[in-house]
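K.L.:
Chain residues, written in single-letter form:
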Amino acid sequence: MAQVIVVTSGKGGVGKTTTSAAFATGLAQRGKKTVVIDFDVGLRNLDLIMGVERRVVFDIVNVIQGEARLNQALIRDKRVDTLAILPASQTRDKDALTREGVSTIIEELSADFDYILCDSPAGIEKGALLALYFADQAIVVTNPEVSSVRDSDRILGVLQSKSKRAEEKKDKVKEHLLVTRYDPNRVERGEMLKLEDVREILAIPLLGVVPENESVLKASNTGTPVIMDTESVAGQAYKDAVGRFLGEDLPHRFLEPDKKPGLFRRLFGGRAA
Amino acid sequence: MSWLDYFRAARKEEAPPSASAAKERLQIVLAHERIGRTREDFLPRLQQELVAVVARYVAIDPGKVKLDLDRGGDMSTLAIEIELPAPSPGRQAAAS
Numbered sequence: 001m002a003q004v005i006v007v008t009s010g011k012g013g014v015g016k017t018t019t020s021a022a023f024a025t026g027l028a029q030r031g032k033k034t035v036v037i038d039f040d041v042g043l044r045n046l047d048l049i050m051g052v053e054r055r056v057v058f059d060i061v062n063v064i065q066g067e068a069r070l071n072q073a074l075i076r077d078k079r080v081d082t083l084a085i086l087p088a089s090q091t092r093d094k095d096a097l098t099r100e101g102v103s104t105i106i107e108e109l110s111a112d113f114d115y116i117l118c119d120s121p122a123g124i125e126k127g128a129l130l131a132l133y134f135a136d137q138a139i140v141v142t143n144p145e146v147s148s149v150r151d152s153d154r155i156l157g158v159l160q161s162k163s164k165r166a167e168e169k170k171d172k173v174k175e176h177l178l179v180t181r182y183d184p185n186r187v188e189r190g191e192m193l194k195l196e197d198v199r200e201i202l203a204i205p206l207l208g209v210v211p212e213n214e215s216v217l218k219a220s221n222t223g224t225p226v227i228m229d230t231e232s233v234a235g236q237a238y239k240d241a242v243g244r245f246l247g248e249d250l251p252h253r254f255l256e257p258d259k260k261p262g263l264f265r266r267l268f269g270g271r272a273a
Numbered sequence: 001m002s003w004l005d006y007f008r009a010a011r012k013e014e015a016p017p018s019a020s021a022a023k024e025r026l027q028i029v030l031a032h033e034r035i036g037r038t039r040e041d042f043l044p045r046l047q048q049e050l051v052a053v054v055a056r057y058v059a060i061d062p063g064k065v066k067l068d069l070d071r072g073g074d075m076s077t078l079a080i081e082i083e084l085p086a087p088s089p090g091r092q093a094a095a096s
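For the record, the sequence lines run as chains A and B.
Take the first sequence: its letters are residues 1 to 273, numbered as in full-length UniProt numbering.
Take the second sequence: its letters are residues 1 to 96, numbered as in full-length UniProt numbering.
Simulated from the structure, these hints should not be mistaken for lab results.
Errors might be hidden in some of the hints.
Restricting the straight-line Cα-Cα distance to at most 30 angstroms, the calculated cross-link-like pairs of lysine-lysine (DSS-like) are [as the list claims (entries may be wrong)]:
no.	chain 1	residue 1	chain 2	residue 2
1	A	Lys172	A	Lys126
2	B	Lys23	A	Lys259
3	A	Lys162	B	Lys64
Model the full assembly from the supplied sequences, consistent with the hints where possible.
P.N.:
What follows is the structure in structure tokens.
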């Protein structure tokens with residue numbers, strides 16, 4: 001039986017799709033059979049971030065409406081063979097997604113995969129509610145910024161009241177906090193919420209911290225999940241987060257500001273070295 | 001302007017660490033929103049009902065009711081300022 005994981009945040013633009021792509025790839029690289037589903041009908045982007053946009057033939061709506069079989073719509077990743085992508089529809093409207101349709105798809109995928117990642121759209125409307133409805137676990141992506149933290153808190157409330165697990169009074173959805181776009185230099189200057197503050201306010205277990213990093217834009221430019229950029233700090237931070245998700249005990253990295261140059265270096269610059 | 005002002009101005013620019021304001025504001029707003037999740041926020045209704053009670057006794061101009069709600073961390077304040085119309089001249093004469 002597959003584990004269903006929703007990647008959610010409430011607020012848009014905080015890194016849900018980047019995280020979905022990185023996390024799905026990371027799980028697949030660890031040998032887990034993983035499928036990642038784009039729930040953002042009308043505004044699909046996971047295909048671009050995953051670099052498979054030219055291979056999309058059918059999408060989730062085609063499957064729900066019986067116009068294509070699930071296997072025809074699934075795109076198998078060419079880099080990691082245990083990874084598959086189910087794209088969202090770009091032309092239909094959100095009402096094309098139904099709970100019964102999604103339920104059937106997840107049930108069918110459960111037989112073949114270990115993990116089903118659901119990349120949620122922003123907001124708390126139908127698409128977002130459907131993305132989280134079947135979740136066993138939730139990765140709540142949060143920026144250290146007031147509106148993002150508030151929306152994350154709201155989405156945690158929704159998970160606790162409107163998910164299938166909540167409705168059926170089962171064990172609650174397992175929540176993970178993933179702080180992204182973290183800038184230790186700005187935190188040190190008192191311009192950005194500290195990690196401890198975000199943790200204290202949201203009070204859910206911390207899965208990882210991804211620093212603000214140029215590599216994320218570079219990865220999206222080329223359609224390569226950032227976790228494949230093993231040199232980059234963001235890639236390494238995602239790799240650690242995947243490790244923790246699978247039960248490894250890894251210290252959090254990249255939380256310290258850049259070292260201030262000493263007086264000697266400041267006076268003589270790089271030439272001294 | 002003293003030459004010392006130069007240093008004061010320079011220091012002031014570094015002064016406000018806005019992150020602590022962010023934390024404080026978040027803690028307060030979330031405390032209220034979390035309550036709203038489990039039960040209805042009664043303050044808006046309380047406002048309406050209080051004004052309705054006053055309106056039963058005095059003919060008040062709805063345009064002259066000022067409501068001020070400040071949701072705080074430990075305490076919230078609800079200030080209702082209702083302008084009562086001047087007593088009619090006839091009754092004033094009888095009273096004196």
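K.L.:
Does each hint fit the structure? Answer for all of them.
P.N.:
Going down the list of hints, with the structure as the test:
1. A:Lys172 - A:Lys126: 21 angstroms, holds
2. B:Lys23 - A:Lys259: Distance ~26 angstroms between Lys23 (chain B) and Lys259 (chain A) Cα, so the pair holds.
3. A:Lys162 - B:Lys64: Given pair Lys162 (chain A), Lys64 (chain B) is violated - Cα atoms ~42 angstroms apart, limit 30 angstroms.
Going down the numbered hints, you'll see the structure goes against just number 3.
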